[in-house]
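Protein chains: 2
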Amino acid sequence: MSDGAEARPRRRSGGREARRAARLHEVAEKVPFLTRTLTPVEVLSEEGVSLIEHNADAILERVGVEIHGAPDALKLFEGAGANVDGERVTFPPGLARQLVQATAPHEFDQHARNPANTVHIGGDATVLAPAYGSPFVRDLEGGRRYGTIEDFRNFVKLAYTTPFLHHSGGTVCEPVDLPVNKRHYDMVYAHLRYSDKPFMGSVTHPLRARDTVDMARIVFGPDHLEDHVVVMSLINANSPLVWDASMLGAARTYAEANQALIMTPFILAGAMSPATVAGAAAQTLAEALVGMAYVQLVRPGAPVVFGSFASSMSMQSGAPTFGTPEPALVLYTLAACARRLGVPFRSGGSLTASKIPDAQAAYESANTLQPTMLAGVNFVLHAAGWLEGGLTMGYEKFVMDLDQCGMMAAFAKGVDLSENGQALEAIVTNGPGQHFLGAEHTLANFETAFFRSSIADNNSFEQWEAEGSKDAITRANAIWTKMLAEYEPPPIDEAVDEELRAWIDRKKASFPDSNV
Amino acid sequence: MSDGAEARPRRRSGGREARRAARLHEVAEKVPFLTRTLTPVEVLSEEGVSLIEHNADAILERVGVEIHGAPDALKLFEGAGANVDGERVTFPPGLARQLVQATAPHEFDQHARNPANTVHIGGDATVLAPAYGSPFVRDLEGGRRYGTIEDFRNFVKLAYTTPFLHHSGGTVCEPVDLPVNKRHYDMVYAHLRYSDKPFMGSVTHPLRARDTVDMARIVFGPDHLEDHVVVMSLINANSPLVWDASMLGAARTYAEANQALIMTPFILAGAMSPATVAGAAAQTLAEALVGMAYVQLVRPGAPVVFGSFASSMSMQSGAPTFGTPEPALVLYTLAACARRLGVPFRSGGSLTASKIPDAQAAYESANTLQPTMLAGVNFVLHAAGWLEGGLTMGYEKFVMDLDQCGMMAAFAKGVDLSENGQALEAIVTNGPGQHFLGAEHTLANFETAFFRSSIADNNSFEQWEAEGSKDAITRANAIWTKMLAEYEPPPIDEAVDEELRAWIDRKKASFPDSNV
Chain L
1 MSDGAEARPR RRSGGREARR AARLHEVAEK VPFLTRTLTP VEVLSEEGVS LIEHNADAIL
61 ERVGVEIHGA PDALKLFEGA GANVDGERVT FPPGLARQLV QATAPHEFDQ HARNPANTVH
121 IGGDATVLAP AYGSPFVRDL EGGRRYGTIE DFRNFVKLAY TTPFLHHSGG TVCEPVDLPV
181 NKRHYDMVYA HLRYSDKPFM GSVTHPLRAR DTVDMARIVF GPDHLEDHVV VMSLINANSP
241 LVWDASMLGA ARTYAEANQA LIMTPFILAG AMSPATVAGA AAQTLAEALV GMAYVQLVRP
301 GAPVVFGSFA SSMSMQSGAP TFGTPEPALV LYTLAACARR LGVPFRSGGS LTASKIPDAQ
361 AAYESANTLQ PTMLAGVNFV LHAAGWLEGG LTMGYEKFVM DLDQCGMMAA FAKGVDLSEN
421 GQALEAIVTN GPGQHFLGAE HTLANFETAF FRSSIADNNS FEQWEAEGSK DAITRANAIW
481 TKMLAEYEPP PIDEAVDEEL RAWIDRKKAS FPDSNV
Chain H
1 MSDGAEARPR RRSGGREARR AARLHEVAEK VPFLTRTLTP VEVLSEEGVS LIEHNADAIL
61 ERVGVEIHGA PDALKLFEGA GANVDGERVT FPPGLARQLV QATAPHEFDQ HARNPANTVH
121 IGGDATVLAP AYGSPFVRDL EGGRRYGTIE DFRNFVKLAY TTPFLHHSGG TVCEPVDLPV
181 NKRHYDMVYA HLRYSDKPFM GSVTHPLRAR DTVDMARIVF GPDHLEDHVV VMSLINANSP
241 LVWDASMLGA ARTYAEANQA LIMTPFILAG AMSPATVAGA AAQTLAEALV GMAYVQLVRP
301 GAPVVFGSFA SSMSMQSGAP TFGTPEPALV LYTLAACARR LGVPFRSGGS LTASKIPDAQ
361 AAYESANTLQ PTMLAGVNFV LHAAGWLEGG LTMGYEKFVM DLDQCGMMAA FAKGVDLSEN
421 GQALEAIVTN GPGQHFLGAE HTLANFETAF FRSSIADNNS FEQWEAEGSK DAITRANAIW
481 TKMLAEYEPP PIDEAVDEEL RAWIDRKKAS FPDSNV
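Order-wise, the sequence lines are chains L and H. Residue 8 in our numbering is what sits at position 8 of the first sequence, and the numbering runs on without skipping anything. Residue 502 in our numbering is what sits at position 502 of the second sequence, and the numbering runs on without skipping anything.
If we strip away everything but chain L, and leave its shape as in the complex, we get:
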């Protein structure tokens, strides 16, 4: 007997298993967000984290950041004690950190249209959201093509349907069939109408941020936003060490409305930062501190999230690479920095450079999602669907990743040490040489014992072959098409929906279409 095949009980027919797997979404425990029970993994000692913080301070003091085209931001920083020279802003050591720590909340709730779906951002909470920003979509039959508003709605519906994502996300794909200057109306509407989970707002122009806030006010009530976060939006730095006007303008609009912002340096290490983990981490921290400080200067107390998107790159071709060890080390390092800073942290996801949901995609995605969970990331954008370095949102990849998100939910609970979990009496009474398949304890734990994948085929080779030798992509295709076919929209107040649609129609008619 060995670890190999001989040691296992004979496998039975998979027909029953297939039927059970189809019931997956009914049995899966529905929680509005994950509550982690495990201590975050540290890859640096406290001294190591201090060194990264010290270097971020040194960067901000010695070279600082440039703020392009945003005189209001320069004025705010100057008033707070930073040194402004043209568009260059440098900070006395510790100032940016103090500005953040003085007023930024440690944790906050993002309220959903359905209160049962309100999420907590920060602390032991982890919120999983779909991928963001792909101009292309891909599915098994249609291949790769530009995203449309129908694709956008489909991904909103899929994210609404699954118990394993807690958030509707933002630009789940670019609806390239709509004019650039008006597509945000349909995107935000889709999140509000086809889902009742929390969502992200438009950031491509301050006016589009304003529209997002106005639409949220129609749905949540005119005064509700003043003390409730209902929109959280993604603001990227222009690394290295630049923040620009359109992003900061959108951030200002949301901050003034007390809505949450994820201030995220987007770094391909080697191109936008040095090619080392400690270098990329220190620079990310420096850039993010400036972004978060800006939000606090606009409106003290407005919720901010420390964001980091860090990938390695092929030093040969300049292409971004994912699932490699170095970005994982950056992630662990910056999660520790965020904890010491006292703000929620956003990073990670299910990232890959693969063009298709093959083994490369899965290895790279798992190698990103594992550190994401173990580091204790609070908000996980790109948790499902990401392909091709973010250029493509994949339907099959989306449901494969959902499966993994479900596993993370089970993992996050940690080890059950209850009497039932210990199962001591079951072992003692069962005795040597008797299998546990029919044991009382096994039967009592039958439904919930193990995470049940909807994608994995665990049948015998013969059964798998008899069912057509399907790979994971083919099985995933059947799952998302079924999910979409069975989708039912959440209820919405008809009057609110009408008001929202009328408002959108008026806005759309008030200025010409444009693709800039």
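Read the hints as simulated data drawn from the structure, not as lab findings. Since the model is a prediction, treat every value here as computed from it, not as a measurement. Any given hint could turn out to be false.
Some chain H residues flagged as far from chain L (calculated, every beta-carbon gap over 10 Å) [said to hold, decoys possible]: (1) 72; (2) 115; (3) 447.
Here are the simulated DSS-like cross-link-like pairs (lysine-lysine), alpha carbons at most 30 Å apart as the crow flies [what the hints assert, rightly or not]: (4) H/508 to H/30; (5) L/413 to H/413; (6) H/470 to L/482; (7) H/30 to H/182; (8) L/482 to L/30; (9) H/413 to H/30; (10) L/482 to L/470; (11) H/482 to H/30; (12) L/470 to H/482; (13) L/470 to H/470; (14) H/157 to H/182; (15) H/182 to H/507.
Pairwise CB distance ranges, derived in the manner of DEER restraints [to be verified]: (16) L/47 to H/221: 40 to 50 Å; (17) H/428 to L/420: 49 to 59 Å; (18) H/141 to L/507: 58 to 68 Å.
Cβ atoms here follow ideal geometry from the backbone N, Cα and C, with glycine treated the same way.
Given chain L, work out where chain H should sit, using these hints.
Coordinates of chain H only, in the frame set by chain L:
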């Protein structure tokens, strides 16, 4: 700008990258084993680990184990203070643990034919070895078929060639074309002749263990084994709570020769243990303690490794499932138990139930290998090649997994906090808005900055499409065929080789072939 495609530099042609990737094995750093720098991840508090230990003690006291057909073992346990009733052995609380802790070494070296490949087992060392025990093999062209001695030699050659495995393994696949009672001669010979990394011995019969030791004595010298471990072998319990004669007989042979043993309960939780993490962990610890205590009673001080193979199972079909959260939690839990016990730990690998190296295989494998590394496993069997729950050894899967093993080597080093690693001056002198691609620091770190995958395609979609839209399986196929084509055997003393082959011929001729 967002996290999506817009933020990245333009991708260049991948032709250059492809040529660089082909050089991977030349640049990869060659180390005989990994030395971890990160603190092992804990999923339980100290009290939690104590509870598992307490339950293992309770199992051994209240129900104990059965030892089938091995009166010598019963006598040894009785002599050591255990209670023997027929074939049932129960232990006063703490006895089994004391027997192990009294004489088992905390760490040891397994010596390789080439001293540069000697591995350290225990402590901060992690040794990665190929998969073990599959009757079938699979490759892209030939599909799934029974393994042969040629396949066996191929996998030994591939494991020898890669810098990312540190061990030649044991039954890398079953050479089903050879008679059961003689195939161990050709297997052990293949490890000794086609590789010079450390290897594992035959365990299917005490006489085959004896043959393995005799062959090692021919190669390493007659007295060398007395104070050098050169063979490490895998002994499985017959869970729940049974050890049987053939396995213990093989273990006795190796222990008497002072060779190392991995005492491994092989558990599909739900079938061979309760369906809970804490239950499976306590039972595994109880069973392993008995196995390790037996080895210490046979020969005090003989090196033993605490082994655990734990998978979840489909509660619907009884099939084993891999890459799920629960076995990861068992692994973390038992790694902590092994550290407290003070012996090396074996577990994990790159496990999957998938029949082919698709996304399912990769997700599941990565979800096993990540905990394996993070928990600080010392000896990792099944690190490469495993498919179909261990029924199949895959050629393409093997090289895909090698890539992942390489990534783990990079990860295990942790964050470089040297001055070059910090890159502070590079950031300060580079300044805002300037990319780092041509920076002096980037050029200086060009070759070693990021782990370079040999399987991943990071090219643009257009380039990938122009090159035939290959998936990871197709690319992996090209890699292993090239590795085999370029294989060159390690040198061996011709006289020793001749003596070994003559000895094998004599042994083979001395008794008839049999398939039992």
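| request: Confirm or reject the claim that residue 47 of chain L and residue 221 of chain H have a C-beta distance inside 40 to 50 Å. | output: 48 Å, holds
| task | Determine whether the non-interface label on residue 72 of chain H survives the test: each CB of chain L must be over 10 Å from its CB. | result | Since the minimum Cβ distance to chain L is about 19 Å, residue 72 of chain H lies beyond 10 Å and the statement holds.
| field | Pair hint residue 482 of chain L and residue 470 of chain L, alpha-carbon separation not exceeding 30 Å | value | Since the Cα atoms of residue 482 of chain L and residue 470 of chain L sit roughly 17 Å apart, the hinted pair holds (cutoff 30 Å).
| said: For a C-alpha distance cap of 30 Å, please report whether residue 482 of chain H and residue 30 of chain H respect it. | reply: It holds: about 19 Å lies between the C-alpha atoms, which stays within 30 Å.
| Going straight from one Cα to the other, do residue 182 of chain H and residue 507 of chain H come out at no more than 30 Å? | 9 Å, holds
| said: So if I understand the rule, the pair passes when the alpha-carbon distance is 30 Å or less; does residue 413 of chain H with residue 30 of chain H pass? | reply: 14 Å, holds
| message | With the threshold set at 30 Å, check whether the alpha-carbon distance from residue 157 of chain H to residue 182 of chain H stays at or below it. | response | This hinted pair holds, its Cα atoms lying about 21 Å apart.
| task | Using the beta carbons of residue 428 of chain H and residue 420 of chain L, state whether their distance is inside 49 to 59 Å or not. | result | For residue 420 of chain L against residue 428 of chain H, whose Cβ atoms are near 58 Å apart, the range 49 to 59 Å holds.
| query | Within 30 Å, alpha carbon to alpha carbon, are residue 482 of chain L and residue 30 of chain L? | reply | 19 Å, holds
| query | Going straight from one Cα to the other, do residue 413 of chain L and residue 413 of chain H come out at no more than 30 Å? | reply | Holds: residue 413 of chain L and residue 413 of chain H sit about 29 Å apart, inside 30 Å.
| request: Take a quick look at whether residue 470 of chain L and residue 470 of chain H sit within 30 Å of each other, Cα to Cα. | output: 18 Å, holds
| query | Given the hinted pair residue 508 of chain H and residue 30 of chain H, is their alpha-carbon gap at most 30 Å? | reply | Status violated; Cα separation ~38 Å.
Against the hints set out earlier in the document, violations occur for numbers 3, 4 and 7.
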